[in-house]
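Note that the protein sequences, when read in sequence, are chains A and B. With this note's numbering applied, the first sequence corresponds to residues -9 to 511, in that order. With this note's numbering applied, the second sequence corresponds to residues 238 to 349, in that order.
Simulated from the structure, these hints should not be mistaken for laboratory data. Heads up, a few of these hints could be off.
Stated by the list, open to error - Simulated DEER-style distance windows between Cβ atoms:
| id | chain 1 | residue 1 | chain 2 | residue 2 | range |
| --- | --- | --- | --- | --- | --- |
| 1 | B | F348 | A | D95 | 55 to 63 Å |
| 2 | A | N481 | B | T307 | 44 to 52 Å |
| 3 | B | S349 | A | K40 | 38 to 46 Å |
| 4 | A | S428 | B | G246 | 27 to 35 Å |
| 5 | A | E316 | B | F241 | 54 to 62 Å |
| 6 | A | G413 | B | R333 | 29 to 37 Å |
| 7 | B | F348 | A | S(-2) | 50 to 58 Å |
| 8 | A | S148 | B | S349 | 56 to 64 Å |
| 9 | B | E239 | A | M202 | 46 to 54 Å |
| 10 | A | Y470 | B | F348 | 52 to 60 Å |
| 11 | B | K256 | A | K60 | 36 to 44 Å |
| 12 | B | F241 | A | V239 | 41 to 49 Å |
| 13 | A | K178 | B | K256 | 18 to 26 Å |
| 14 | A | R349 | B | E343 | 41 to 49 Å |
What the hints assert, rightly or not - Calculated from the model, a selection of chain A residues having no Cβ within reach of chain B, i.e. all distances over 12 Å:
| id | residue |
| --- | --- |
| 15 | D183 |
| 16 | K245 |
| 17 | K356 |
Claimed, not checked - Each computed DSSO-like pair below joins lysine-lysine, with the alpha-carbon atoms no more than 30 Å apart:
| id | chain 1 | residue 1 | chain 2 | residue 2 |
| --- | --- | --- | --- | --- |
| 18 | B | K279 | A | K429 |
| 19 | A | K179 | B | K304 |
| 20 | B | K256 | A | K179 |
| 21 | A | K109 | B | K279 |
| 22 | A | K419 | B | K279 |
For glycine and all other residues, C-beta sits at the position ideal for the given N, C-alpha and C.
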Amino acid sequence: MPESEKRSILIIDDDKTIRKLINHHLKLNNFTPFEAENSLQAFDILKKEKIDLVLSDVTMEGMDGFEFCKKVRENENHRFLPFIFVTAKNTLEDKSRAVESGGDDIITKPFEINELILKTQALIRRSDIYRTYGIRKSLQKSFEEVTPKILFVDDDPSMSRLFKFNLEKAGYECSVADSVDDAMEMMKKNIPDVIVSDIMMPKIDGFEFRRMLLEQPSLKDIPFIFLTAKGSEEDILEGYDLGITDYVVKTAGPKLVVAKVSAIINSLGNERKKVISELQEATSSLRTKVVPDTFPVFDGFSISHIHIPYKGIPGGDFLDYYQLDENNLAVILGDVMGKKWGAWYFAYAYAGYIRSALRSVLQNAKDYSPSEILQQVNLTVYGDTKISEVFATLSIIIINNKTNELKYSGAGDIPIIYKNSKGELLSIKSKGLLLGFSKMGDYEDNVLQLKTGEQVYLTTDGITDSRAKSLESFGEHRLYEIIRDIKTDENSLEIIQKKFDEFTESEYDDDISLILISVNS
Amino acid sequence: MEFFRVEKGDVVVITVNLKRATMVEAEEFKQVLVNDIQRDFKKIVVDLSSCEFIDSTFLGSLVVSLKKLTGLGGDLRLVGFQPAVHSMFELTRMYRVFESFKSADEAVQSFS
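So here's chain A without its partners, still in its complex pose:
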């Protein structure tokens, strides 16, 4: 790992031996530790270094750990800095003081060093997710490519017609309001990208309109252009006091308005590009991938997949392969619900979160039961209240290349498709609930005894729900028909993708994922 990507941990303890012990183990786990004996030194380090997490003792000379944490939280930059208390104090009162002062977790001495490292890793991972979650709103906007909408407000219908015509000719969608009341009503349903408003209007004038908008958080940031017959400086000044974006004199004609609107829309477009590049940066900093780059090599089986993220932005579906031992391979496919309803960026972080939670369960898996793995991941997700609003479907398959046994368990997922040696298609349903919905997900294992040449397909709803231009859904039946007709020597995934592209004309409605497991002959 490059030095710059290492996370910095601040250790505060007056006991040198403990500091050295923690320091040593953090280094072993690729963290960069900093040490402080007391709060004064700690403040100094916080000021100079970019610290990613604090491990703090409670009893110290001078300011104690609780007070220290409170002080740290007062600083805006450290309000969300992950903070763990490491202390011999373990009464309920101490714990509640730890929480009150703003701590995220508490580890009691004597502690297991492994537990401390695990908690540190988990908290850092979580704070990564929440940090990126914070920018989801701005990202969501950039996700949709839509025709920019202009709201034109003027009491003079001939003016409105003239400007509407010119704006629409320039490729914008333009709606017209003949009064401020009308405009406010329209904005309840449809938020425009730019507002162009007359100043002189009966009842409520343009200035008052602008003031009304400034009072509404959801409307105050919409670029706003005043259009007026009056060219006096007074008007202009009053306009700028209200934080308007621009100002056009009516006599200058519609061309100038179109030019100004275009300039604003373009600058919004640049914002969009900026946000997308931020996304890519954040993505790489998370270092969580949602889809592996290569197919796994597993003796006796061929495994491959198709994965096409919706509009090229990763997030909804995630898949993974994990070799448990030389004879057992886990195959995982999941779908985070709500990629496109305001949480789509979060979906990406969440997919990474589940994928890494799965990996840590798999690392310690004793018997290779997909349902038990599912239940453990379910508990992790269920217990994390901060992500309780997002749900995911998940399919887990474990194949054994010695026995050719396939074990499958699913959480709210689409049935897997089993093409047996007679060429029959069987839909294998699981019964478990969506991940994170309830404490006990009610998961069970389905076992298939695979034979040479047999195939198993896993997919999410992206393929079946995608529609043709005629609005007809691709549907389960089409997928089944195509799979049924595939001959043993043909490349199944290529054929499915080709037919799917023909049907949808390559315009997808969602992430497209399909995994194929076949037993070699």
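Starting from the known structure of chain A, arrange chain B on it as the hints suggest.
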């Protein structure tokens, strides 16, 4: 109106007036439900009789609200599954967590 809302005593009935209830409307729909939950309504009936299709995102907004409500000791009950909607609930096993009824009245009465 896409979401028609009516109060019957302490039960809120929300009728989804959409043939296809999808991600396009899911956020707004979720907001309608959240508003009621925030206003302390704990018994909600959602009438899906008009829906020929719902996608997983829209379903997600129902699931989120159900989870919130059951956490508060309330419930969200459903009415009127057309075939494709029924199979969506079956496919995701969500029919097991949502109670469903034939009519809105029946669902409202089930709360008393």
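**Violations among the numbered hints** = 1, 3, 9, 10, 11, 21, 22
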